[in-house]
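Given these sequences and hints, build the entire structure.
There are 2 protein chains.
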Amino acid sequence: MSEVLEKIWQHQQISRVELVEHTGLTSGTITNLTHELIELGVIREFEAVSGNVGRRRVMLGFDSRRYRIIGLDIGRATMEIVVVDLNGKIVRTIERDMSDRKGPDDYFEVIDPLLREVKRDIESEGYTILGLGVGVPGPMDYGAGTLLDPPNFPGWKNYPLRSVLEQKFGLTTLIEDDARTSAMAERWYGLGRTTQNLVFITMGIGIGGGVVTDGKIVRGTNGLCGQVGHMTIVINGKMCDCGNRGCWETVGSIPGILSRWSGGNSMEQLLAAVRAGEPEALKCMEDTLSYLETGLINVYNLYDPELVVLGGRLYPYLADYLLPVQNHLRSRLYAFAKDRLNIVPSTYGTSQSAVGAAALVFGFLLSEPVRLLALTEG
Amino acid sequence: MSEVLEKIWQHQQISRVELVEHTGLTSGTITNLTHELIELGVIREFEAVSGNVGRRRVMLGFDSRRYRIIGLDIGRATMEIVVVDLNGKIVRTIERDMSDRKGPDDYFEVIDPLLREVKRDIESEGYTILGLGVGVPGPMDYGAGTLLDPPNFPGWKNYPLRSVLEQKFGLTTLIEDDARTSAMAERWYGLGRTTQNLVFITMGIGIGGGVVTDGKIVRGTNGLCGQVGHMTIVINGKMCDCGNRGCWETVGSIPGILSRWSGGNSMEQLLAAVRAGEPEALKCMEDTLSYLETGLINVYNLYDPELVVLGGRLYPYLADYLLPVQNHLRSRLYAFAKDRLNIVPSTYGTSQSAVGAAALVFGFLLSEPVRLLALTEG
Numbered sequence: 005m006s007e008v009l010e011k012i013w014q015h016q017q018i019s020r021v022e023l024v025e026h027t028g029l030t031s032g033t034i035t036n037l038t039h040e041l042i043e044l045g046v047i048r049e050f051e052a053v054s055g056n057v058g059r060r061r062v063m064l065g066f067d068s069r070r071y072r073i074i075g076l077d078i079g080r081a082t083m084e085i086v087v088v089d090l091n092g093k094i095v096r097t098i099e100r101d102m103s104d105r106k107g108p109d110d111y112f113e114v115i116d117p118l119l120r121e122v123k124r125d126i127e128s129e130g131y132t133i134l135g136l137g138v139g140v141p142g143p144m145d146y147g148a149g150t151l152l153d154p155p156n157f158p159g160w161k162n163y164p165l166r167s168v169l170e171q172k173f174g175l176t177t178l179i180e181d182d183a184r185t186s187a188m189a190e191r192w193y194g195l196g197r198t199t200q201n202l203v204f205i206t207m208g209i210g211i212g213g214g215v216v217t218d219g220k221i222v223r224g225t226n227g228l229c230g231q232v233g234h235m236t237i238v239i240n241g242k243m244c245d246c247g248n249r250g251c252w253e254t255v256g257s258i259p260g261i262l263s264r265w266s267g268g269n270s271m272e273q274l275l276a277a278v279r280a281g282e283p284e285a286l287k288c289m290e291d292t293l294s295y296l297e298t299g300l301i302n303v304y305n306l307y308d309p310e311l312v313v314l315g316g317r318l319y320p321y322l323a324d325y326l327l328p329v330q331n332h333l334r335s336r337l338y339a340f341a342k343d344r345l346n347i348v349p350s351t352y353g354t355s356q357s358a359v360g361a362a363a364l365v366f367g368f369l370l371s372e373p374v375r376l377l378a379l380t381e382g
Numbered sequence: 005m006s007e008v009l010e011k012i013w014q015h016q017q018i019s020r021v022e023l024v025e026h027t028g029l030t031s032g033t034i035t036n037l038t039h040e041l042i043e044l045g046v047i048r049e050f051e052a053v054s055g056n057v058g059r060r061r062v063m064l065g066f067d068s069r070r071y072r073i074i075g076l077d078i079g080r081a082t083m084e085i086v087v088v089d090l091n092g093k094i095v096r097t098i099e100r101d102m103s104d105r106k107g108p109d110d111y112f113e114v115i116d117p118l119l120r121e122v123k124r125d126i127e128s129e130g131y132t133i134l135g136l137g138v139g140v141p142g143p144m145d146y147g148a149g150t151l152l153d154p155p156n157f158p159g160w161k162n163y164p165l166r167s168v169l170e171q172k173f174g175l176t177t178l179i180e181d182d183a184r185t186s187a188m189a190e191r192w193y194g195l196g197r198t199t200q201n202l203v204f205i206t207m208g209i210g211i212g213g214g215v216v217t218d219g220k221i222v223r224g225t226n227g228l229c230g231q232v233g234h235m236t237i238v239i240n241g242k243m244c245d246c247g248n249r250g251c252w253e254t255v256g257s258i259p260g261i262l263s264r265w266s267g268g269n270s271m272e273q274l275l276a277a278v279r280a281g282e283p284e285a286l287k288c289m290e291d292t293l294s295y296l297e298t299g300l301i302n303v304y305n306l307y308d309p310e311l312v313v314l315g316g317r318l319y320p321y322l323a324d325y326l327l328p329v330q331n332h333l334r335s336r337l338y339a340f341a342k343d344r345l346n347i348v349p350s351t352y353g354t355s356q357s358a359v360g361a362a363a364l365v366f367g368f369l370l371s372e373p374v375r376l377l378a379l380t381e382g
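Those protein sequences? They're chains A and B, same order as listed. Using the working numbering, read the first sequence as starting at 5 and increasing by one per residue. Using the working numbering, read the second sequence as starting at 5 and increasing by one per residue.
Simulated from the structure, these hints should not be mistaken for laboratory data. Keep in mind that a hint or two might mislead.
Here are the computed lysine-lysine pairs in the DSS-like style, where the Cα-Cα straight-line distance is at most 30 angstroms [said to hold, decoys possible]:
no.: 1; chain 1: A; residue 1: LYS220; chain 2: B; residue 2: LYS242
no.: 2; chain 1: A; residue 1: LYS342; chain 2: A; residue 2: LYS220
no.: 3; chain 1: A; residue 1: LYS106; chain 2: B; residue 2: LYS342
no.: 4; chain 1: B; residue 1: LYS287; chain 2: A; residue 2: LYS161
no.: 5; chain 1: B; residue 1: LYS106; chain 2: B; residue 2: LYS161
no.: 6; chain 1: A; residue 1: LYS93; chain 2: A; residue 2: LYS220
no.: 7; chain 1: A; residue 1: LYS242; chain 2: B; residue 2: LYS287
no.: 8; chain 1: A; residue 1: LYS220; chain 2: B; residue 2: LYS342
no.: 9; chain 1: B; residue 1: LYS342; chain 2: A; residue 2: LYS242
no.: 10; chain 1: B; residue 1: LYS220; chain 2: A; residue 2: LYS11
no.: 11; chain 1: B; residue 1: LYS220; chain 2: A; residue 2: LYS242
no.: 12; chain 1: B; residue 1: LYS220; chain 2: B; residue 2: LYS161
Below you can see the structure in the form of structure tokens.
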């Protein structure tokens, strides 16, 4: 069933005959499985007119009429809620600045009423909510559903986020590191229809990474796989919150960049000074790009992904430099691999992690549709 | 069948009843599969006496009486041939210094007669050779079975190694990057019985890495996954053969270390000078360990493996420093993960890659026994 759903997702619209071809299942099996999925409201039939003769064919696609998924991103400076249908269409977005708030109680003062309102609205329109996906700063304890000790995120140490959310809202709840939710946004709704081996790098107040291999999140033994922001870039450099020295995050995140420039305290100001040719600002930007290049070359030589996606609140300030950075990187990669370098901006901008949080639930639906729907009924 | 073989390998000796428990297959299926595997000569029955009452039980284990595997390592300074039985026991080892040889023709002058002799001896003793596994300096083109342009290994660019070996020796031939074969030696014959998520780091003339996740080699999109020696450790550092600057290999390999010391030209001399307290030698060793620590912290924060295994010709010179390096690393890791740090020396020392080359063929036998045996018959 999972395989059939994955094929439908890849093709967006596909006939039963094509499903038989692509899965190798018998047409009887396809008939039964698609019948069941239609009954469940996960997929539906469309009539498509194809070719010159205008022959009508019955196609299958995801059904956006019965279910909704909620994605929630709890960030260091913002929180965002998105509502997504089964076609990956974002039907609602709510964003709030959280930069003056600190710790779970303070955050839930904002989140609680908004999420209750969203839930009520979806249900009053007659939709069923499949689940709540949540992106938060990592690392976390996946078994317990708690945050561990996220750097630069005071008050959240050991917070039992998953069980709190489940109790508050009564929804199937999946939580994940925000760099990994961001990667999942590409994997399911963005660029992942064509490539399922990617590294997402989110740069903002911190720098995080989400590694997707063969379409699956790779977490590592302690949930630390993909902590690209905590690779040492400056040997014997500044102490980092994580315990290491000279991490990319200490020099390449927004605070890291601004700590190397005395002329102001925002990226807007830095960029204006760079445009005005201010020498210290130029040096700061040059070093920032050098750190970025080093981070990226290490990502290539360690993970060798098909695709690197850059996102986060820092990215827009560096976007103009992406082309020269890529050209420079090509000259530093193994010659045979240099033409395959592929670095692109994220599809959903500042909503990336919230959309990816919803994508977590969508991924669960595709891998275990019957189990998720049973949880939803219960 | 693959699952049954994997369970037998994990337990070394296991009864049919335990196989039913561990696989969830029916006892009828286990009876049939084990019968077939016994007929094929892959496994055999043993009688084991267990418990106080001395009850006799029929156990199953791998059969070392019918098959042999040959492992070949083609290195930058040595070549080695090992012969391994199906229990992973090394029954023969041949090693040759190759430091005055250059390029395939020169190497095959040595390899050809030795490998022919080994093959003839195995066959004259009545064994069947399952295949030839080969470790070589990467990167390589796996589809074509050719080397690409390995750094510091002149004359081998684009060499069609797999087809040449197949034609010369008529054996099923698998080729792999030598850091990955080294990792496979642990995965199948070494420490991998208890942990299947490991990174092997081989340090010698070059520095390479082999990443094993859930028991499988991870190659990446271009075969570059795990090129740990080519992560930038010294920003804006020395040019490396790979195209990048400041790679760990440029400062942390044997030539990289010796390039930072003017007092001699061997690791033995450097270590003697360190013991004698010669200041430049002490500084060189201190920096070497700092680079090693940085390399290792990056490996942890990027891959988060259960186990890191260190090997290669450099390792013995650094072995005495492993404990302080580990202690220092613990203080630099995320606090919650620091007790799980586990770095150990390789099981097979200088024979690691050759043993791992044989392990490639063993892995193929376990995943597709019928296909490999059919190739062997043909």
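Tell me, which hint numbers fail for this structure? 1, 4 and 11
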